[in-house]
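In order, the protein sequences belong to chains A and B.
Residue 1 is where the first sequence starts when you use the working numbering, and the numbers rise one by one after that.
Residue 1001 is where the second sequence starts when you use the working numbering, and the numbers rise one by one after that.
Keep in mind the hints are simulated off the structure, nothing from the lab.
Where hints are given, some of them may not hold.
Said to hold, decoys possible - 25 Å max Cα-Cα, derived BS3-like pairs, lysine-lysine:
#1 A/K111 <-> B/K1300
#2 A/K93 <-> A/K3
#3 B/K1139 <-> A/K111
#4 A/K111 <-> B/K1221
#5 B/K1300 <-> B/K1208
#6 B/K1300 <-> B/K1218
#7 B/K1218 <-> B/K1208
#8 A/K152 <-> A/K3
#9 B/K1139 <-> B/K1300
#10 B/K1218 <-> A/K205
#11 A/K205 <-> B/K1221
#12 B/K1139 <-> A/K93
#13 A/K208 <-> B/K1218
To be verified - Here are some chain A residues the structure puts well away from chain B; computed CB gaps all over 10 Å:
#14 K3
#15 T88
#16 Y142
#17 D143
#18 A144
#19 A149
#20 D168
#21 H170
#22 E175
#23 A179
#24 L215
To be verified - Residues from chain A that face chain B, not an exhaustive set, calculated with beta carbons under 10 Å:
#25 A33
#26 G34
#27 V54
#28 F57
#29 P63
#30 H69
#31 P87
#32 C107
#33 G109
#34 D125
#35 V138
#36 R140
#37 I141
#38 A187
#39 M189
#40 E191
All C-beta atoms in this analysis are idealised placements derived from N, C-alpha and C, irrespective of residue type, glycine included.
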Amino acid sequence: MSKQLALVIDLNVCVGCHACVTSCKQWNTSGEAGFLSDDNPYGADPTGTFFNRVQTFEVGEFPNTETVHFPKSCLHCEDPPCVPVCPTGASYKRAEDGIVLVDYDKCIGCKYCSWACPYGAREVDEHQKVMKKCTLCVDRIYDAKLPEAERKPACVLACPTSARLFGDIHDPESEASRAIREQGGYALMPEWGTQPANHYLPRRKTEKHLHPDELERHDNPLKVDGQLPKPATGEPSLDDVTSW
Amino acid sequence: MNPAWSVILLTTLIGAGQGLFLALFALDAWDAARGQASLAPWFVAAAIVVSLALVGAGLLASFFHLGHPERAWRSAAMWRTSWLSREVIVLPLFMALVALYGLMHWTGRLQGALPVGVLAAAVCVALFVCTGMVYACLKFLQEWHSPLTVANFMLLGTASGLTLAAALAAWLQPALARGYVAAALLAGALAYLGRLASLARNARLRPKSTLASAIGVKHPKIVQIAQGAMGGSFNTREFFHGRPREVVRAARWSLLALVFPAPALLMFAAPQSALVLAAAFLLQYAGLLAERWYFFAEAKHPQNLYYQAIA
């Protein structure tokens, strides 16, 4: 089976720091393909072209709420709906590694591919007038001049909490595949059959269950337990050093 | 979606141009079947020129939709997979065939014009299908993903073309006007029913995607806190029309009133007056502009789920 490079994003670890956004912008605005335009970067309504954005959602109702930081970029679908609709062939999916790319020299800027992407992963560059999207840093991951460990997308290298894994999800032994398999990796909007290559790892609650025997000493050496008034299990307890 | 005037003009203008050609050719074919030649050359010439002008104007409008119009020729490449590419091929082909058909008619070669006309009519229907399928093939735009989209493009275009044919006939060959008015009323009524059907269908749609499936968190209550940009983005500009509800409602009422009822009243009132029929066409065309605007504004793209709140 051919390769399918992808990102696996761990929502349990993402802290929403936007380091992936800024590193993505920095790398991709400096490359051969030209800049990613910005308008009013320091003004009242800053706007610009980004390949990656971190969004924040609140799940639940106060006080039972949870904040979910949600990095969103092109998912490099295995069946990308944006590719067949392109009238010029500028949008294509590479056979060798499954990356979905735009040939900026062929793109006529008709925006039809963005209509055909349910995830809103494509953004028109308002100054170059072509469609742009995440390239998985295709100009970096194969760069033999870089040390092996740095041949990864900029966002993956920048993430301070290692919430982003990068790898071939068709290779069952890759770190990315293993994470999807063992930690419940899922795809976004599975209802459209796009088979996104990028996966997300769900939030996981770490809870400590306290049982009564963990609060009461089994050996009870001084036979003092139970002789003095005892706080309920829910109340703050004293440590082992101080005794009742 | 945010309606783009270039695309609204493209789809409505070529629809009227195609309808006008079909109106003309239907009569020519009927003539051929009866072994007669009843069409006045000036009427044929006017219909051909106006049809080509409308389709050409639509084509011109479409260029304003492109970021790189100088590369537009590239868009014929992917006809195997892309309906947009197919439309790009079929549209100039239709214009060429109509021009050839008109030329042969003008030079009196009616026998030779007929097969060209048959071919042009087939290509005309193919163009309607391509234009409709550009929208109908996008499965997650549920408002568009329906055979009604293609049917309505076809019916609305044909109806407006027939109204225009009636106006031209009343001016250049009054004997034909009454027949064209009858056909325009019939096609208009059918188109109106088709559009009402799609409005009714879309009112009952339930979105397949929810915020829960968009971010993959199974919870009925999720609200967006931040979308990752403060001043908007392509995603907020392209997929939201941003108009108040009153504007959308006004577009809906305009389409309901102007696409058929208002022009039908005028056509009933004065089926022989070129001026009144021209006014009927203009009213209907204004209705089609409202109709197409509403067609885009009504469509809710699933990507909008990710762009509910700025901060």
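Each hint, compared with the structure:
no., hint, verdict
1, A/K111 <-> B/K1300, "16 Å, holds"
2, A/K93 <-> A/K3, "12 Å, holds"
3, B/K1139 <-> A/K111, "17 Å, holds"
4, A/K111 <-> B/K1221, "32 Å, violated"
5, B/K1300 <-> B/K1208, "11 Å, holds"
6, B/K1300 <-> B/K1218, "22 Å, holds"
7, B/K1218 <-> B/K1208, "15 Å, holds"
8, A/K152 <-> A/K3, "15 Å, holds"
9, B/K1139 <-> B/K1300, "12 Å, holds"
10, B/K1218 <-> A/K205, "14 Å, holds"
11, A/K205 <-> B/K1221, "18 Å, holds"
12, B/K1139 <-> A/K93, "20 Å, holds"
13, A/K208 <-> B/K1218, "23 Å, holds"
14, K3, "23 Å, holds"
15, T88, "4 Å, violated"
16, Y142, "27 Å, holds"
17, D143, "28 Å, holds"
18, A144, "33 Å, holds"
19, A149, "28 Å, holds"
20, D168, "22 Å, holds"
21, H170, "21 Å, holds"
22, E175, "20 Å, holds"
23, A179, "15 Å, holds"
24, L215, "33 Å, holds"
25, A33, "15 Å, violated"
26, G34, "14 Å, violated"
27, V54, "5 Å, holds"
28, F57, "5 Å, holds"
29, P63, "13 Å, violated"
30, H69, "9 Å, holds"
31, P87, "4 Å, holds"
32, C107, "7 Å, holds"
33, G109, "2 Å, holds"
34, D125, "8 Å, holds"
35, V138, "21 Å, violated"
36, R140, "22 Å, violated"
37, I141, "24 Å, violated"
38, A187, "8 Å, holds"
39, M189, "5 Å, holds"
40, E191, "5 Å, holds"
Hint check: violations occur at hints 4, 15, 25, 26, 29, 35, 36, 37; the rest are consistent with the structure.
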